[in-house]
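Chains as they are written, first to last, in our numbering: chain A, 1 to 524; chain B, 525 to 842.
The list that follows gives simulated cross-link-like pairs (lysine to any residue, SDA-like), each with its CA atoms no further than 25 Å apart:
1) B/LYS688 / B/GLN788
2) B/LYS688 / A/ALA37
3) A/LYS315 / B/LEU811
4) A/LYS315 / A/ASN264
5) A/LYS315 / B/PRO599
6) B/LYS688 / A/ASP406
7) A/LYS315 / B/GLN803
8) A/LYS181 / A/PRO128
9) A/LYS315 / B/PRO607
10) B/LYS688 / A/ALA398
11) A/LYS123 / A/LEU456
12) A/LYS315 / B/GLY604
13) A/LYS315 / B/ASP606
14) A/LYS123 / A/GLY168
15) A/LYS315 / B/ALA588
16) A/LYS315 / B/SER605
17) B/LYS688 / A/ASP391
18) B/LYS688 / A/ASN184
19) B/LYS688 / A/GLN399
Computed list of chain A residues with no C-beta within reach of chain B, every gap over 10 Å:
20) GLU28
21) GLU97
22) VAL110
23) ARG115
24) TYR148
25) LYS176
26) GLU214
27) ASP247
28) VAL271
29) TYR354
Reference listing, derived: stretches of chain B covered by chain A, where coverage requires no fewer than 3 residues with Cβ under 8 Å from a Cβ of chain A:
30) 583-589
31) 592-604
32) 800-808
Don't read these hints as lab results, they were simulated from the structure. Here a beta-carbon is modelled for each residue, glycine too, at the ideal position from N, C-alpha and C.
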Amino acid sequence: MTIKKTLLASAIGAAMTAAAIAPAVQAETSLSMAYDADPVSLDIHEQLSGGILQLSHMTFDPLVRWNQDLEFEPRLATAWEQVDDTTLRMSLREGVEFHSGNAFTADDVVWTVERLKRSPDFKAIFAPIASATAVDAHTVEFTTKTPYPLLLNLATYIFPLDSQFYTGEDGDGDAKDEIVKNGNSYASRHVSGTGPYEVTERQQGVRVVFERNEDYWDEDSPGNVDEIVMTPISENATRVAALLSGDVDFIAPVPPNDLERIENDDDTHLVTMSGTRIILFHMNQERVEAFQDPQVRQAFAYAINQEGIADRLMKGFATPAAQLSPEGYVGHVDDLAPRYDVERAKQLMADAGYEDGFEITMMAPNNRYVNDAKIAQAVAAMLARINVTVDLKTLPKAQYWGEYDDRAADMMMIGWHADTEDSANLHEYLTACQNLDSGAGQYNAGIYCNPELDDLVAEANLEVDLEKRAEMLQQVEQTLYDEAAFIPLHWQDLAWASAANVDIEPILNVMNFPYLGDLVVEEQ
Amino acid sequence: MTTTHSSVTRSSTTSRWERFRDSYLLYSFKRDLIAQFSLAVFILLVGCALLAPWLAPMNPYDLAQIDILASELPPFWVDGSDPTYLMGTDSQGRDLLSTILYGLRVSLIIGFGAVAMQASLGVCFGLLAGYLGGRVDAFLMRMADIQLSFSTLMVAIVVGALFKAIFGGATFSTYAVPLLVLIIGLAEWPQYARTVRASVLAEKGKEYVDAARVMGLSSRRIMFRHILPNTLSPIFVISTVQVANAIISEAALSFLGLGMPETQPSLGSLIKSGFDYIQSGSWWITLIPGLVLVVLVLVINLLGDWLRDVLNPRLYKG
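Please put together the full structure from these sequences, using the hints given.
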């Protein structure tokens with residue numbers, strides 16, 4: 001390439017980057033933020049993922065939400081009472097309007113719960129709810145099949161949709177409320193909620209523009225941001241550089257190797273929390289026969305140096321894990337520690353008859369979890385020591401989840417944060433036998449199946465004696481560990497950073513759902 | 525170029541070596557310090573690359589030798605280094621020196637391979653277009669025009685992405701080197717075709733071509749045995765530039781994640797893998813392979829400049 005061509009190319013490149021992240025000037029208070037990726041769809045029932053739930057909190061409101069002390073805070077539900085063992089009655093907020101102008105009523109909640117129970121991703125969580133009925137325009141009753149102690153936890157995931165807006169057929173004759181995974185449905189392109197922000201412009205993978213909902217019901221909200229421009233920047237270094245140079249005001253996640261740099265910068269503000277999201281690898285027993293042998297799975301578990309990854313790649317910004325439940329969860333077993341021992345792993349491989357190893361494929365996202373692609377590379381290198389050759393492919397999350405649903409590789413990475421802040425949820429989604437009707441095991445890419453554990457978890461969900469329940473869930477963790485159902489890596493810590501005048505601390509929480517509606521940006 | 529006249533006066537027993545010793549090429553080389561230095565560095569780099577399996581302290585493509593606990597160690601002159609890893613290690617714990625040696629080999633194979641491919645395609649098309657003229661010429665040159673209107677990188681990215689989509693990442697990783705040669709080779713043949721065609725047009729009208737034609741020689745023989753040797757000097761000059769270009773293209777593609785797979789880093793992918801760390805302390809992961817790449821491309825370009833000056837008869841400096 002000649003110098004002229006190179007200069008031109010870099011000039012165009014620079015112009016494009018500048019255009020992509022330049023904050024819009026016309027709005028009064030504008031926030032430009034950069035995440036590692038933008039939401040894959042506007043349909044909040046299409047995928048159960050952190051990105052979609054973050055979007056939900058911007059464009060919708062939940063019935064109740066967690067505050068920073070993990071207590072319930074009323075949102076669209078103003079009050080609730082337990083009528084009997086299996087019935088919860090909720091009073092809904094009056095005078096709330098959707099973005100479309102339709103009034104919010106109990107019918108919308110009923111409609112939303114019914115849609116959730118149809119969603120392949122969400123239905124397992126909502127299985128305990130037998131029905132939701134509208135008592136009057138602003139009262140709704142939830143009935144559970146059996147007494148269920150976590151119903152309010154579930155209500156944090158009910159973001160009422162505008163039932164009138166999503167009813168009918170679109171131009172192609174498809175139902176507007178259709179849920180198409182990784183596809184193109186009406187709901188994946190159009191959105192109407194009650195939330196603090198409306199989506200005014202969206203270019204997948206390029207930017208999403210949110211504008212403040214003028215008629216937002218929550219007049220007590222301190223939030224003063226009129227416009228949010230969200231730009232996905234998947235390169236860690238570029239995202240940090242964008243914040244430090246003032247191109248964007250808010251970034252997440254912050255790569256561990258840049259924490260110190262941001263903390264030492266006077267113009268930026270860093271918030272960190274120890275997280276509860278477990279990062280793990282599934283070993284697909286259907287695709288690889290060897291994985292059906294518990295010895296091989298154990299060998300893999302022994303070959304992985306969790307402490308090395310947490311210490312070197314994550315710079316100590318993660319807690320090495322040997323189980324699903326983080327400390328503080330009822331199912332957490334204190335005695336389970338990472339079992340890194342290469343010699344033992346080799347021995348187990350030899351015992352299983354795979355002394356010479358075998359070849360497997362591995363997939364991991366490269367813009368979903370902190371350092372995901374690097375972690376996958378490190379795991380591949382560690383497996384090489386027990387003679388397992390790994391063909392690794394890393395993809396952006398927009399493509400990765402499609403592959404994940406197809407179980408397209410022998411080992412796949414996933415991170416999971418318990419939706420109900422409870423150990424049972426981790427098992428139900430990640431290690432339960434796959435059941436398309438109930439949605440159990442929806443993210444179990446290992447196809448590991450132990451019906452006894454499923455029964456134990458189901459029993460635990462009915463157990464009112466909390467000590468007994470904890471014992472049962474700990475039993476589940478212990479069995480998963482002994483059988484090496486999956487390879488746990490670590491619980492990923494959380495980090496966000498912003499410009500000094502953006503007060504992010506009050507809106508952040510351990511679920512990693514920033515309540516951007518309440519964000520205050522001070523005048524500079 | 526030796527003329528028929530001078531070769532007659534020389535005794536027929538002079539060997540090739542003696543002719544080379546008396547040539548202007550060597551004469552000029554002996555007086556050009558920059559050329560001597562460039563050639564020395566180039567030979568050193570090529571030598572290191574060829575001997576990589578014996579010189580390198582470890583095999584960076586063998587994942588079993590990588591230890592995550594040894595990641596991000598600095599080079600020997602910085603505090604906290606480990607003498608086992610002279611140039612430090614990357615974020616996965618690969619020895620940087622070994623990775624650079626192996627990466628250099630990949631870069632050179634791709635550079636020379638792609639140029640061989642470009643040259644053979646370009647020379648054939650250029651000869652055909654120039655010698656046959658007419659429709660063949662119009663067709664080939666319009667093809668070249670169309671291709672020149674796309675940037676090399678874009679063509680390479682599209683072809684690479686298509687291949688990955690059709691055959692999957694696994695196949696791509698296995699055949700990454702020949703594929704990159706093919707992709708970069710296909711993308712730049714018009715450079716050669718254009719130059720060769722221009723030289724052929726100039727040569728075509730000369731008497732020796734007419735004479736050959738009158739003797740009844742086939743077009744193929746005239747093109748390859750008579751015209752081609754007289755168009756070689758611009759081809760040599762372009763080749764040096766193109767080798768450097770191809771190496772840079774490979775590095776750029778690998779940097780974008782479309783080149784060598786992450787488990788077999790070339791210089792470009794090594795630079796990319798260190799990119800995240802360049803501002804957070806571990807500058808050596810990007811900087812050292814970056815410098816090696818710059819030096820490699822620079823010496824090739826300097827050699828090319830010198831060759832151009834020597835082979836251009838209008839620039840005889842006496």
